[in-house]
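**Student:** What follows is the residue order along each chain.
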Amino acid sequence: MHRTKVRVASDLLDANETIARANRADFDRAGVRVVNLMSAPGAGKTALLERVLIDGVGELRVGVLEGDVQGSLDADRLSALHVPVTQLNTDPGFGGECHLDANMVRSALGAMELGEVDLLVIENVGNLVCPAEFRVGEDARAMISSVTEGEDKPLKYPLMFRTCELVVVNKIDLLPHLDFSLERFLENLERVNPGVEHMLLSARTGKGVEGFARWLTAVAGGEAAHA
Amino acid sequence: MHELSIGREILETAVHHAEGRPVLLVSVTIGALRQVVPDSLQFNFAILARGTVCEGARLQARLVPARLRCECGHEWELHELSFLCPRCGGGRTSVLDGEQLSVESIEVEEAPCTARR
Chain Z
404 MHRTKVRVAS
414 DLLDANETIA
424 RANRADFDRA
434 GVRVVNLMSA
444 PGAGKTALLE
454 RVLIDGVGEL
464 RVGVLEGDVQ
474 GSLDADRLSA
484 LHVPVTQLNT
494 DPGFGGECHL
504 DANMVRSALG
514 AMELGEVDLL
524 VIENVGNLVC
534 PAEFRVGEDA
544 RAMISSVTEG
554 EDKPLKYPLM
564 FRTCELVVVN
574 KIDLLPHLDF
584 SLERFLENLE
594 RVNPGVEHML
604 LSARTGKGVE
614 GFARWLTAVA
624 GGEAAHA
Chain C
384 MHELSIGREI
394 LETAVHHAEG
404 RPVLLVSVTI
414 GALRQVVPDS
424 LQFNFAILAR
434 GTVCEGARLQ
444 ARLVPARLRC
454 ECGHEWELHE
464 LSFLCPRCGG
474 GRTSVLDGEQ
484 LSVESIEVEE
494 APCTARR
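Sequences listed follow chains Z and C, in order. 404 is the number of the first residue of the first sequence in my numbering; add one for each residue after it. 384 is the number of the first residue of the second sequence in my numbering; add one for each residue after it.
Not one of these hints is a red herring.
DMTMM-like cross-link-like pairs, simulated, lysine to aspartate or glutamate; straight-line CA separation at most 25 Å:
#, chain 1, residue 1, chain 2, residue 2
1, Z, 408, C, 487
2, Z, 408, C, 402
3, Z, 559, Z, 582
4, Z, 408, C, 490
5, Z, 559, C, 463
Which residues of chain C face chain Z? A few of them, derived with a C-beta cut under 10 Å, are:
#, residue
6, 385
7, 387
8, 388
9, 402
10, 406
11, 411
12, 466
The following label-pair restraints were derived from C-beta to C-beta distances:
#, chain 1, residue 1, chain 2, residue 2, range
13, Z, 584, C, 479, 28 to 34 Å
14, C, 391, Z, 464, 35 to 41 Å
15, C, 470, Z, 409, 42 to 48 Å
16, Z, 410, C, 391, 18 to 24 Å
17, Z, 585, C, 447, 34 to 40 Å
18, C, 494, Z, 516, 53 to 59 Å
19, C, 470, Z, 518, 50 to 56 Å
Treat the hints as calculated values from the structure; they're not laboratory data. Ideal Cβ placement from N, Cα and C applies to all residues, glycine included.
Please take these sequences and the hints and turn them into a complete structure.
**Tutor:** Listed below in structure tokens is the structure:
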């Protein structure tokens with residue numbers, strides 16, 4: 404027996420990028436713009452979508468692809484608002500992945516009526532680490548950081564905070580009850596992703612949510628589109 | 384925690400290139416900006432590799448520091464987590480190095496010519 408060295412030189416994310424580009428091409432053909440919405444569990448992704456969908460995003464027809472490890476609790480909440488929702492579980496067959504990757508989204512394309520929406524919001528699995536690594540074919544990426552998570556999060560999860568075109572600071576109605584320093588959070592954000600767009604809102608009270616609706620409208624109109 | 388996902392990608396790549404031969408060593412390059420914890424990656428890889436041609440293989444990681452460049456011309460190696468230029472304080476910086484995540488090579492055990500004694 405002897406050792407042989409095999410040259411590989413394979414970028415680990417190449418396979419995912421290739422499928423993400425195929426997804427993007429399909430979305431483009433259908434005329435659908437796509438937002439990848441990410442956050443830690445419980446930061447308010449579904450709550451923000453509920454709020455923004457109740458009020459409506461102008462004339463836009465919005466669909467949601469709901470990524471969860473298990474169950475359809477979030478999809479059920481959003482279906483009640485009469486928007487097209489597709490549930491994508493990462494558990495059966497995927498080994499309970501903690502994120503969506505391009506291939507999982509690809510597997511759900513057949514179940515979506517892309518012709519019926521102008522904007523698709525992909526609600527990723529709640530996680531500040533893995534979703535940052537995997538593009539899924541989106542035009543823009545947004546993340547939510549809620550004030551209850553603490554002001555140090557940009558420094559702890561720079562990959563996530565750097566990968567997004569928009570950082571939403573949620574639950575600002577709780578600020579009077581917390582030690583959270585908004586100033587320090589924004590300083591940390593600036594250190595990690597200088598100049599990134601951010602907005603403050605409360606999905607619970609609705610304050611500032613119109614800003615998020617405007618951002619979605621801009622993405623649907625082809626602005627803020629990511630290369 | 385993304386060490387599990389990354390470990391799985393590494394394993395799939397190594398198994399693919401091994402073409403059935405037992406793998407002794409997997410060499411990977413990891414940029415500092417990927418925030419991979421090498422010990423955790425080793426641990427996850429070892430578990431994932433069980434029952435595959437990579438079982439027992441050593442995972443050797445080459446870590447590449449992050450280097451940034453500011454539009455003012457300053458280049459520096461990132462030590463503390465700030466993407467603002469330490470010279471001019473500006474935020475228009477680009478990443479020169481440190482985003483790699485790749486399998487460079489594997490070493491496999493090759494059976495010699497099959498002649499029996």
